Amino acid sequence: MHKGQAKVLIIDDDKDFVEATRLVLASGGYDVAWAGGTEEGMRRLEQEKPDLLILDMMMEGKGAGFVLSRRIRKDARFKSLPILMLTGMREQTGFSFPGKDKDSQFLPVDDFAEKPIKPQDLLARVGKLLEKARA
Amino acid sequence: MTARETAFVREVSHALRSPLATVESCLQVVLDGYAPAPEKQREMLERAQRKATALLRMVKDLQDLSGMENRGRSRRKSALDLGAAVGKTLESFRAKAAEIGVTLESDVQEGMPPIRMDAYDLETLLARIVDNAVKYSRPGGLVRIGASFSRGEHQIVVADTGIGIEPEALKKVFEEFFRSEGARAFTDEGAGLGLSIVRRIVDDCGGGIDVESQLGEGSLFRVHLPEQVQGGCHA
Ligand SMILES: Nc1ncnc2c1ncn2[C@@H]1O[C@H](COP(=O)(O)OP(=O)(O)OP(=O)(O)O)[C@@H](O)[C@H]1O
Ligand SMILES: [Mg+2]
Numbered sequence: 001m002h003k004g005q006a007k008v009l010i011i012d013d014d015k016d017f018v019e020a021t022r023l024v025l026a027s028g029g030y031d032v033a034w035a036g037g038t039e040e041g042m043r044r045l046e047q048e049k050p051d052l053l054i055l056d057m058m059m060e061g062k063g064a065g066f067v068l069s070r071r072i073r074k075d076a077r078f079k080s081l082p083i084l085m086l087t088g089m090r091e092q093t094g095f096s097f098p099g100k101d102k103d104s105q106f107l108p109v110d111d112f113a114e115k116p117i118k119p120q121d122l123l124a125r126v127g128k129l130l131e132k133a134r135a
Numbered sequence: 001m002t003a004r005e006t007a008f009v010r011e012v013s014h015a016l017r018s019p020l021a022t023v024e025s026c027l028q029v030v031l032d033g034y035a036p037a038p039e040k041q042r043e044m045l046e047r048a049q050r051k052a053t054a055l056l057r058m059v060k061d062l063q064d065l066s067g068m069e070n071r072g073r074s075r076r077k078s079a080l081d082l083g084a085a086v087g088k089t090l091e092s093f094r095a096k097a098a099e100i101g102v103t104l105e106s107d108v109q110e111g112m113p114p115i116r117m118d119a120y121d122l123e124t125l126l127a128r129i130v131d132n133a134v135k136y137s138r139p140g141g142l143v144r145i146g147a148s149f150s151r152g153e154h155q156i157v158v159a160d161t162g163i164g165i166e167p168e169a170l171k172k173v174f175e176e177f178f179r180s181e182g183a184r185a186f187t188d189e190g191a192g193l194g195l196s197i198v199r200r201i202v203d204d205c206g207g208g209i210d211v212e213s214q215l216g217e218g219s220l221f222r223v224h225l226p227e228q229v230q231g232g233c234h235a
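Line order of the protein sequences matches chains R and F. Be aware that the first sequence starts at 1, since it is given in this note's numbering, and climbs by one per residue. Be aware that the second sequence starts at 1, since it is given in this note's numbering, and climbs by one per residue.
I should point out that these hints are in silico values taken from the structure, not numbers from a laboratory. It should be emphasised that the depicted structure is a prediction, and the values quoted were computed from it without experimental measurement. Do not take every clue at face value.
In silico DSS-like cross-links for lysine-lysine, where the CA-CA straight-line distance does not exceed 27 Å [stated by the list, open to error]:
| no. | chain 1 | residue 1 | chain 2 | residue 2 |
| --- | --- | --- | --- | --- |
| 1 | R | LYS128 | R | LYS118 |
| 2 | R | LYS128 | R | LYS15 |
| 3 | R | LYS7 | R | LYS128 |
| 4 | R | LYS62 | R | LYS74 |
| 5 | F | LYS77 | F | LYS88 |
| 6 | R | LYS7 | R | LYS132 |
| 7 | R | LYS62 | F | LYS172 |
| 8 | R | LYS15 | F | LYS88 |
| 9 | R | LYS49 | R | LYS79 |
| 10 | R | LYS118 | R | LYS74 |
| 11 | R | LYS15 | R | LYS118 |
| 12 | F | LYS171 | R | LYS62 |
| 13 | R | LYS49 | R | LYS15 |
| 14 | F | LYS77 | R | LYS62 |
| 15 | R | LYS132 | R | LYS74 |
| 16 | R | LYS15 | F | LYS172 |
| 17 | R | LYS132 | R | LYS62 |
| 18 | R | LYS128 | R | LYS74 |
| 19 | R | LYS62 | R | LYS79 |
| 20 | F | LYS40 | R | LYS7 |
| 21 | R | LYS7 | R | LYS118 |
| 22 | R | LYS118 | F | LYS40 |
| 23 | R | LYS118 | R | LYS132 |
| 24 | R | LYS132 | R | LYS49 |
| 25 | R | LYS15 | F | LYS96 |
| 26 | R | LYS15 | F | LYS40 |
| 27 | F | LYS60 | F | LYS96 |
Simulated restraints, written as ranges between beta carbons of each label pair [to be verified]:
| no. | chain 1 | residue 1 | chain 2 | residue 2 | range |
| --- | --- | --- | --- | --- | --- |
| 28 | R | GLN120 | F | GLU212 | 47 to 57 Å |
| 29 | F | TYR120 | R | LYS49 | 50 to 60 Å |
| 30 | R | LYS79 | F | LYS171 | 31 to 41 Å |
| 31 | R | GLN120 | F | VAL157 | 53 to 63 Å |
| 32 | F | THR53 | R | ARG134 | 24 to 34 Å |
| 33 | R | LYS79 | F | ALA95 | 45 to 55 Å |
Even for Gly, the Cβ is constructed at its ideal location relative to N, Cα and C.
Same shape as in the complex, but just chain R:
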């Protein structure tokens, strides 16, 4: 696996979804940390210094993950932290192609996927984002 034990932080308020995701990531040799909300998420980011962040956009039922992604990007310490945003509803962002033109300003994440995400797809995306970050 040669991931060098990269650390992934998941910020999501659904602990069952987190556990399913954790199992998949653990199978890929990743070290996984978890936070269930915005403030705990910020604390964990500082403590754990993850290599990648998986963020639930609709957290707390009202897009708290969306707000948090902007806050994280504004923070100099996390400028280059790769973020994979998961959502239950693409339509709510009016957003479809991450990293392209003005949308990347609107939703400042590196990749974007709908829930549920297939285990293989999750591992592939995480691997790619980490590779890109290392390059």
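Fit chain F with the ligands to the supplied structure of chain R, relying on the hints for placement.
Just chain F with the ligands, lined up with the frame of chain R:
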């Protein structure tokens, strides 16, 4: 659809979709072999099952909220004994309250006139308010239910010594799917539909509901239902 209806449908589909995605993910990791240990597989299946149960409950609540009918039964008002209904509600919450270590008390005025409304609606109204009072209580807490009649109105008061409600959340608690930050941190049990159903019932009866709360100290919900409205409840 009106803008409000569109917004509601969007909210409903998100509220259903998110736990469904979790059910799917929990099953997928078992089927794809990401949970090799049998105990872990069982745990993931149980997580999926709990989510499915919550989803079913949410759908039933949405049916109640739609107000067209009560789970297939049409509503009919009849003369009901409010004191007896309170007693029945308390009984149904005894076990849950005992489990948390919460004391239930009631204070029912004698000789109240009967209340005219649909029996299932009255049961639902009481149960959803008391459910919250118990659910948002800590061990050692106290929940009191009062029922009285004065000046042509029945009054129901449910007071608890639980976690309370943030001042900025007070005016939102009757909105569909609203759950305060404190409530979310306290328990992930709930969809934020109970009080919307209560408000729908109270509105149908031409009554009113209000709430007072002190964060960290407790909450008090007060319902008043006029004895006779033109056309009665649920015209
Ligand atoms: N007795 C109470 N103490 C503290 N907070 C309360 C109380 N009753 C209601 N609330 C607040 O109002 C919100 C809405 O209540 P409501 O009953 O509609 O939803 P819920 O209990 O969270 O979920 P559901 O009723 O669908 O299971 C709650 O999430 C909580 O924030
Ligand atoms: Mg409730």
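Evaluation of the provided hints:
no.	hint	in the structure
1	R:LYS128 x R:LYS118	15 Å, holds
2	R:LYS128 x R:LYS15	25 Å, holds
3	R:LYS7 x R:LYS128	14 Å, holds
4	R:LYS62 x R:LYS74	21 Å, holds
5	F:LYS77 x F:LYS88	19 Å, holds
6	R:LYS7 x R:LYS132	15 Å, holds
7	R:LYS62 x F:LYS172	14 Å, holds
8	R:LYS15 x F:LYS88	35 Å, violated
9	R:LYS49 x R:LYS79	12 Å, holds
10	R:LYS118 x R:LYS74	31 Å, violated
11	R:LYS15 x R:LYS118	18 Å, holds
12	F:LYS171 x R:LYS62	17 Å, holds
13	R:LYS49 x R:LYS15	21 Å, holds
14	F:LYS77 x R:LYS62	38 Å, violated
15	R:LYS132 x R:LYS74	21 Å, holds
16	R:LYS15 x F:LYS172	25 Å, holds
17	R:LYS132 x R:LYS62	31 Å, violated
18	R:LYS128 x R:LYS74	23 Å, holds
19	R:LYS62 x R:LYS79	24 Å, holds
20	F:LYS40 x R:LYS7	22 Å, holds
21	R:LYS7 x R:LYS118	20 Å, holds
22	R:LYS118 x F:LYS40	19 Å, holds
23	R:LYS118 x R:LYS132	21 Å, holds
24	R:LYS132 x R:LYS49	18 Å, holds
25	R:LYS15 x F:LYS96	23 Å, holds
26	R:LYS15 x F:LYS40	15 Å, holds
27	F:LYS60 x F:LYS96	21 Å, holds
28	R:GLN120 x F:GLU212: 47 to 57 Å	53 Å, holds
29	F:TYR120 x R:LYS49: 50 to 60 Å	55 Å, holds
30	R:LYS79 x F:LYS171: 31 to 41 Å	39 Å, holds
31	R:GLN120 x F:VAL157: 53 to 63 Å	56 Å, holds
32	F:THR53 x R:ARG134: 24 to 34 Å	43 Å, violated
33	R:LYS79 x F:ALA95: 45 to 55 Å	53 Å, holds
Checked against the numbered hints given earlier, this structure breaks hints 8, 10, 14, 17 and 32; the rest are met.
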